[in-house]
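Peer 1: Turn these sequences into a full structure, and let the hints guide you.
Note that the sequence shown covers residues 77 to 297 in the working numbering.
I should point out that these hints are in silico values taken from the structure, not numbers from a laboratory.
Accuracy of the hints is not assured; some may be wrong.
[As the list claims (entries may be wrong)] Calculated cross-link-like contacts (lysine to any residue; reagent style SDA-like; alpha-carbon spacing at most 25 Å):
{"id": "1", "residue 1": "K140", "residue 2": "E189"}
{"id": "2", "residue 1": "K140", "residue 2": "V130"}
{"id": "3", "residue 1": "K140", "residue 2": "R161"}
{"id": "4", "residue 1": "K140", "residue 2": "G129"}
{"id": "5", "residue 1": "K258", "residue 2": "A243"}
{"id": "6", "residue 1": "K140", "residue 2": "V171"}
{"id": "7", "residue 1": "K140", "residue 2": "R99"}
{"id": "8", "residue 1": "K140", "residue 2": "A243"}
{"id": "9", "residue 1": "K140", "residue 2": "R93"}
{"id": "10", "residue 1": "K140", "residue 2": "E121"}
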Amino acid sequence: MADKTVAEKSAPRRIDRRRARTRQALVCAAQRMLAEGRTDVPILEITELADIGVGSFYNHFDSKEELFRVAVEEALEWWGSLMDRLTADVDDPAVSYAQSFRMTGRLHRRHQELSKVLLNHGLELAHSNRGLAPRALNDIRAAVDAGRFEVEDLDLALAMTAGAALALGALLHAQPDRDDGKSADRVALGLLLQFGMPAEEAERICSLGLPDFDLVDTMVG
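Peer 2: See the structure below:
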């Protein structure tokens, strides 16, 4: 009887894990297509890339448009959650802002497929309530409140940040030999200066060490 009870309890968990794997396979396939700019494809092509049956698609999504929307949202949130983890011990919002930007520049190279998803959907990056945008806005607001930034228009400061991040990512893809770290640091420095930070302090912040990127893939699952 005990063995039967354990089996009965474990069966739903196995089903849930299988459903989660199927859903994740669909999202990953959609993100790959988004990175390649291929969204005008039949659902059959998506399920073949995900290696699942067509019927399983409709157990998770009503349409391919919904799948692509979720794929973008999850890419944004993965990136934002990663920045949360990597800046968790940073108390200075100006440092947190700069560090997130500098790491994002480097992640364009480490996660090129995910980067292309974000670059191909720049408006979602700039205006989404998930991912990097709300986190950057919080850092900017906190830095203003702490007297670290001199910013009158928070929305404009966020637009500058998003525009710089997108332009930097596009440049790094277009110029694969460009030093991603130095480029990201220089753009971050320029943003800090635009936000009223003294040059010496901005340069100090942009020269601070960053987390070990070899640990990145294990920090967010």
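Peer 1: All hints are to be evaluated individually against the structure, with a verdict given for each.
Peer 2: Cross-check of the supplied hints:
1. Only pairs whose Cα atoms come within 25 Å are accepted, and K140 paired with E189 is accepted, the gap being roughly 19 Å.
2. Of the pairs offered as hints, the one joining K140 and V130 holds, with about 12 Å between alpha carbons and a cut-off of 25 Å not exceeded.
3. In summary, the hint linking K140 to R161 is not supported, as the alpha carbons are separated by about 31 Å, beyond the 25 Å threshold.
4. Distance restraint check for K140 and G129: the Cα-Cα separation of roughly 14 Å lies within the 25 Å cut-off, and the hinted pair is therefore satisfied.
5. The straight-line distance between the Cα atoms of K258 and A243 is roughly 15 Å, inside the 25 Å bound, and the hint therefore holds.
6. At most 25 Å may separate the alpha-carbon atoms for a hinted pair to count; K140 and V171 exceed this at roughly 40 Å.
7. Between K140 and R99, the direct Cα distance comes to roughly 13 Å. Compliance with the 25 Å bound is thereby established for this hinted pair.
8. Note on K140 and A243: the hinted pairing is violated, with a Cα-Cα distance of about 28 Å set against a maximum of 25 Å.
9. Distance restraint check for K140 and R93: the Cα-Cα separation of roughly 22 Å lies within the 25 Å cut-off, and the hinted pair is therefore satisfied.
10. A threshold of 25 Å between alpha carbons decides the hint, and for K140 with E121 the separation of about 11 Å falls inside it, so the pair holds.
Figure legend: structure checked against the earlier numbered hints; hints not met, in rising order: 3, 6 and 8.
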